[in-house]
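This is what each chain is made of:
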Amino acid sequence: AQRVTQPEKLLSVFKGAPVELKCNYSYSGSPELFWYVQYSRQRLQLLLRHISRESIKGFTADLNKGETSFHLKKPFAQEEDSAMYYCALARDGQNFVFGPGTRLSVLP
Amino acid sequence: GAGVSQSPSNKVTEKGKDVELRCDPISGHTALYWYRQSLGQGLEFLIYFQGNSAPDKSGLPSDRFSAERTGGSVSTLTIQRTQQEDSAVYLCASSLGRLNSPLHFGNGTRLTVT
Chain S
1 AQRVTQPEKL LSVFKGAPVE LKCNYSYSGS PELFWYVQYS RQRLQLLLRH ISRESIKGFT
61 ADLNKGETSF HLKKPFAQEE DSAMYYCALA RDGQNFVFGP GTRLSVLP
Chain P
1001 GAGVSQSPSN KVTEKGKDVE LRCDPISGHT ALYWYRQSLG QGLEFLIYFQ GNSAPDKSGL
1061 PSDRFSAERT GGSVSTLTIQ RTQQEDSAVY LCASSLGRLN SPLHFGNGTR LTVT
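Protein chains in written order, with our numbering: chain S, 1 to 108; chain P, 1001 to 1114.
In silico DSS-like links for lysine-lysine, alpha-carbon gap of 30 Å or less:
1) S:9 - P:1057
2) S:22 - S:9
3) S:15 - S:73
4) S:65 - P:1057
5) P:1011 - S:9
6) S:57 - S:22
7) S:22 - S:73
8) S:22 - P:1057
9) S:57 - S:9
10) S:9 - S:73
11) S:57 - S:15
12) P:1017 - P:1057
Covered stretches of chain S, as calculated for chain P (at least 3 residues, CB under 8 Å):
13) 46-55
14) 97-103
I should point out that these hints are in silico values taken from the structure, not numbers from a laboratory.
We put the beta carbon where it would ideally sit given N, CA and C, even for glycine.
Using the sequences and the hints given, assemble the complete structure.
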């Protein structure tokens, strides 16, 4: 079965500290992975996708097929990064399954 | 252009009543998705449409839930004989329906069953 796990429900870091939000997946096919973010009182939106190999708002994520992981990282967290983060797997490229989410709280 | 639009934004209903939730996807988006977001439960997949057909209905929690999409555009999610455990935010998303096309979400409908 395809699933996405995010082991941390809540992650708190201080401003300026590095942050890593963990994501692991299980999928028999070739995975397409995404990170979505939901800021307070805003709609859920795409943050980045692995196929683009991009850095958005200082965040990066590397797909590690050996460890079946797609952890989200940022070297220096900012208060405005506080939000709910969801890792998602696109099954067959179109049908998305989401992890349970991690709430990131960046403390001043 | 306009984003994904959902209505109503809030719905309070009595247990046992039927409700209809509406989603207007972004124009030209062929794929449409319904998810349920409950407190502390993350995003639960309900159903996915490609055009007017639903290749995957596996997430619908019971036969009280149904969804349809007409004209490859608007979709309605219907919950019959609502129960208190149906209370959640129902999110709709659309995409171009191509490989790796990202999802664009609406603001959701907050359903409260009293």
